[in-house]
Each structure stands twice: as structure tokens, then as C-alpha cells.
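Novice: Since the structure of chain A is already known, use the hints to place chains B and C on it.
The lines below spell out each chain.
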Amino acid sequence: MADNESIHRRRKLVSSLMTALTLLCAVFAIVILLIILSYIAVQGLSSISLQFLIDTPKPVGEGGGIGNAILGSFLMTALACLIGLPIGIGAGVYLAEFGDNWFAKTVRFLADTLIGIPSIIVGIFIYTLVVLPMGRQSGLAGGLALAIIMIPIVARTTEEMIRLVPHSMREGALALGAPQWRVTLDIVMPAASTGIATGAMLAIARISGETAPLLFTALNSRFYNYFMDQPMASLTVQIFNYATGPFDVEHKMAWAATLILVGLILLINILVRYLTRRKF
Amino acid sequence: MQNKLSISNLDFFYGKAQALYEISLEIPERQVMAFIGPSGCGKSTFLRTLNRMNDTIPGIRVEGDVLIDGKNIYESGTDVVALRRKVGMVFQKSNPFPKTIFENVAYGIRINRIHKDKTDLEMRVEKALYDAALWDEVKDRLHTSAFGLSGGQQQRLCIARALAVQPEVILMDEPASALDPIATQKIEELVVELKKRYTIVIVTHNMQQAARVSDKTAFFMLGKLVEVNPTQKMFTSPDEKLTEDYITGRFG
Amino acid sequence: MEHRIIDQQLDLLRDKLLLLGGATENALHRAMRSLTERDSKLAREVLEEDKIIDRMEVEIDRFSIEILALQQPAAHDLRFVISVAKITPILERIADHAGSIADAALILNDHPEIKKLVDLPFMAQTAAEMLKTALDAFTTEDSAISREVILRDHKIDEAYKRVFNELLQIMIDDPTTTTASAYLLFVAKHLERIGDYVKDICELNVYLTEAAFIKHSRES
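Respectively, the protein sequence lines represent chains A, B and C. Taken in order, the first sequence gives residues 29 to 308; the numbers are from our numbering. Taken in order, the second sequence gives residues 4 to 255; the numbers are from our numbering. Taken in order, the third sequence gives residues -17 to 202; the numbers are from our numbering.
Looking at chain A on its own, in the form it has when it is part of the complex (with noise of 0.2 Å):
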């Protein structure tokens, strides 16, 4: 008779240890996202002001701003979730609700493809069709990129969302007499909205840390410009190009115009939860 009592005693052991491992594994995850987060604050801090929130780029010593990369990152990220969100989540609620053939089947098998690749090979594609016709780099050449870096990724997670609508209140609506179409308008995308919503966001977070996509086709600028058709200043560039110069001033000025991203990316977090929150 195997000694019950010592087996017990094992099994104990192994799973406490178990729980360990992993509950390190989350403090390390969680440790490593602290330090990064509290080095950006302690290093951007202290060059924030207001004039740095308006102020266009100035040569070093003359301080200088990154209000109109602040605006020219707002500009393309709005145009292309302009078109990267409809097209998104209609592709997205296609695959759900119709995907059953090839068609749907290569469909997200392409997506999941685009999402994979590296964002400068969209920068690439942009740049041989709009930039070089057009003759220059321009904010919509910038929004466009970006819309399609997000378009698989919102049909993707529309898609999962919506397949998450339990099938028993579709046949609700179809018992009541709803065609199809009207389904899925009316009681499939509410359900999934808190969803879709997350996943929208998702995307735009995603493309406002992108920068090699819009060094190709957005560039940049030293002047505020609301003329998408010129070239445009963006957050990531400009964090770039102040994090790559020779000064150590420059260096700062990356820091803050970082804090600022990781500030505004997590302002549309909570924005996006708040508008999405649970009304029903």
C-alpha cells in the first residue's frame, strides 16, 4: 500500500509551487511595465509644460513643442479610423455571420497574414502608391497606411466578438419574424458593441505607437498644418527624431513627447470604457 499520506504531501507541494511560478511570472510581467511607466514619467516629467504642449519644433536652445505632432498624429489616426472602422468591422461581422465558405475562409486567412507583417512594409506600399504619384508625403498617404494596418485587426476581433453573441438570441429575433440583415443589425452588433469597441481600441493603440509606416509616407513637419494633403508631423516621428538627435535636451524632449503618447494612449482607454461601459 503506497503511503497515501506522502503522496498527498506531494501533490501539495508541487501545486503551491506551481501557483508560485506562475504568481512570479505575473509580478515580473506586471514589474517590468512599473519600471518602464515610472522611467518615462521620472525622465519625460520634468520637460512638460504647457509651452512644450503647443509649441511647433525649434532649433536646439530655443526650446521648442510638439503641439503640431500632437495634432498631426490626432489628424491621421482620426482618418484612418474614418476608414479603417467601417471597412473593419463590416469585413469582421461578414466573416461572422456569412464566413462559412472559401471566400471568408482565405478572407481571414489574409487577414491574419496582415496582421503578421511589419508595419514599414505597409509604409513601403503606401509610398510606391500614393507618395510617388502624388509626388510628395502626405497626411492622408499617413491615415491611409494606418487604416490598413488596423482593418484586419478590427475585422479579426469583430469577428471573434460576434461569434462570442450566444445563437440562442439570434433565434430569438428569427422566431419573432426578423430577416437575417436585420438580426444581425439590430441584436448581434448591440451585444457585441463593448466588444467590437475594445477591439477598435485595440487597433487605435496600436497605430499610435506605429512609426516606420508614417516615416515613409506622412514624414514630417516643423509647422502646424491641417492640410492632409501635405506632409504631416506625428507623435512617433517626432519622438524619433528628438530621441536620435546629438543633444541631450533633444533626449528629454523624446521623454516628455513619450509621456504624452503613453498618457493619451491610456486617455482613450479609459474614454472608450466609459462609452462602452454596460448600459444594458
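No false leads were slipped in.
Here are the simulated distance ranges between beta carbons:
no. : chain 1 : residue 1 : chain 2 : residue 2 : range
1   : C       : A193      : B       : A20       : 34 to 44 Å
2   : B       : E125      : A       : L52       : 55 to 65 Å
3   : B       : S79       : C       : I47       : 54 to 64 Å
Here are the simulated DSSO-like cross-link-like pairs (lysine-lysine), alpha carbons at most 27 Å apart as the crow flies:
no. : chain 1 : residue 1 : chain 2 : residue 2
4   : B       : K19       : A       : K133
5   : C       : K68       : B       : K244
6   : C       : K23       : C       : K171
7   : C       : K197      : B       : K236
8   : C       : K68       : B       : K236
On the chain B side, residues computed to face chain A include the following (Cβ under 10 Å):
no. : residue
9   : N54
10  : A85
11  : L86
12  : G111
13  : N115
These aren't lab readings, by the way, just hints derived from the structure by calculation. Quick caveat, the model's predicted, so the values are computed rather than measured. A virtual CB, placed ideally from N, CA and C, is assigned to each residue, including glycine.
Specialist: The following block gives chains B and C in isolation, referenced to the frame of chain A:
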């Protein structure tokens, strides 16, 4: 007593697998017909052939006739949307929409454009909630989420939703199986009340429930209709040995 | 066939009913003997033992209700419990009649014997046989036998008429026998009633086995 539904020689296939065999059954108007039988006997599948809910499943095939008021609903050219409006359905798990209580009931009215104006819509919603014995419990919170209701209330909301489109037949697929005894009792009382105006077909695993609420009971097994009889006959002296063995708990 | 909890209980219920049936048969048998053998001690015993039968009746009632409430029988099971619950008070009433016969015996035994009690022993024997056969048929759920027993009841009815007329004649012929004759008439009436009760038991067995209601129909 007139027959509202008349089913003859109905076969049902999921792909190659046959799920129902040669079902013939008359369902009288303004009565409650209960379907009983062990799990997987085809009673739910059969129920769902009566408003063509099975159409949403790919690869199914139906042979035979289902006549409602003498008209075959499997005839080509049947308006399935109109059919489902006429033959409402309440499901096993309550499935309110992610909307307010009011909008849940209003939904069917809106999509079928039954109402004349806003006041008419409100009256119809109130009537449906009243008929589903829910009005008093929700009248002060019509514009709050339907998910805030208890399980039993949600199920009665689903019944109200079905009533709102003025059906003639109501199919109920184990409507109380997920509810506690009090909520179950309310649903049962409601069923008995509703049969004054509607023809009701109810699938249930709970034989006492079938005994309590139904006028006629049909017993299914392995995709076949074994016996159909008035409920009091079914539970005191069924014709078939198989029925007797099932309702006295010898199997199933 | 799976083993069901309710089966045990139904078996127990049947046993309880058969015990009551046995006690009732016994009471009837001994009451008649106390009369024919002029044994007042036996008559008093019968009256004493009626209390036991009353207790058995209460126990079966209680148990039937318990099965209905807790096991919720259906179909044949339901008909069985209902039949038992309806047969029980019938048996108890038969036993009461036996007690009344014993009462009469106590009084009759103080009077001179009248002409071998006319046809009363025949009536008693027929009633006792019918009761035994009815209970056996219930146990075996044989409705054919029950239907046959129902037909036998007319023998008792006819005997009752004969006894009635005969006793009337005896009273007219010899008025000193009036008291004894009157008591014998009671006994005859009790036996006639027992015959009717046995018929009720048989009808319940037909209900149990065939789910048919034959009471108050042409058949009964």
C-alpha cells in the same frame, strides 16, 4: 374542436441521419399540447419544424406536410417571416435582447410594422407585458435593461415579446427548465391562461408539468411518435406499454 | 427494467392491504361461528379485535397518502395506490358488519335457537368465498375473476329475500321469537351489505387492471 395544426408523414433528416420518422399528429386549436419523451427523442426537433426554425441549420431536409389552418408551410413560396410571426416561439433559455424591457417587447412590433403610431406601440407593449403577467413587476422600470430581471421574469418577458406580434400558435421549448419552482409555477399558470386565446405546444422534460398544464400529451421516442392521447388518459391509463414505462420512470 | 424506489413501497402497501383483508375475512368467519356455535366468548373476541382492524385502516390511509405525495405515481402505479386507498375503508366496513353480527350473536345466544338459522350460514359462506376470491383476484390483478365474482352477488341477494320472508313467517307463527327473529334479520341485512361491498372491491380491481370504470354501469 378544430385542429390548428395538422402534421402528416413528417420525416426529418440532419444530413444523412434521420431524426424524425413518419410523424402524423393533429394539434387542436386553443388547447395545450405537451410533447414528452427522453432526451434526444426528437421532440424539440419536431417542435422546431412547426415554425421552420430548423431552416437556420445547414444540411437539413424535411419531408411530409405541416398544415397550419390547412396551408402547408413547407410549400415553396411560403413566407417564412410571416409564418414565424404567426407561430411564435419561446426558448429553453430565456434570451432577452441587449435592450431595455420596453424595446424587447417593441422589437417584434417594430420589425413587423404592426403599430400605427407611438401611442399604439406603447399600448401594444403594455398589453403584451400585461398578458404575460409581467406588467405590474416592470411598469416602473420599462426603460431599464432587460438583463436586470430575474430568470423567471426574463422568461416571461420573452413570452411577452412573442405575444406582442399577435401570433396564433406559441411553441415553447422547455420554457421552465432553467427556473426555480416558484418561477416555474408562474409560467405554468400563464400557459393555462394563454390557451384561452392561443394554441400552445410545449416541450417539457418535467412530466408533472405536462400533466398539470396540457390538454393532450404526445410521447416521442427515438424519433417516433409513440402515443398521443388526452393528458388525463395518458397519465392514468396510457395505451402503450412504452408510454407507461416512461411515465412511471422505468426508463428515461 | 430498472429497480424503482416506488416498487418497494407499492409492494409494502399491497402487503398491508392483504393483512387487513386477512383480518377482515377472519373477523367475518369468527363472527358467524360465534352465532352458529352460540359462542359468546368468541363474539366478544371479534368485537375486541375490531380495534386492530381500525388501526390497520388508518395505517394504510397514511401510507397511501405518503406514496402519492412523495413518489407521485402515474398510470398503473397511480391506479394501484388509488384502488388500495379505496378498498381499505371497504374492508374496514366489512369488518364493522362482522362486529355487528357478533353483537347480534351476543343477544341471540341468550335466546332459544331458531330453526338452524334458516339460510344465514349459506349467505355467510357465499359472502366469505366472494371476499376471498375478490382479494385473490386483486393480488393477481385478474379482472376476469373479479367480473365473475360480481355476478355471484345476486345469489346473496336472493338468499336474503328468502331469509327475510322465512323469518317474517316465523315471527307470525310464533310471536315469542320476534326478538330473536328481528336480530337474525339484522344479521341477514349485514351479510347482504357485505356482498355489495365485495362487489365494490371487484370493480376497483377492474379499474386497476383495465383502467375501466364499471361501477354504476350496466355491467355491475
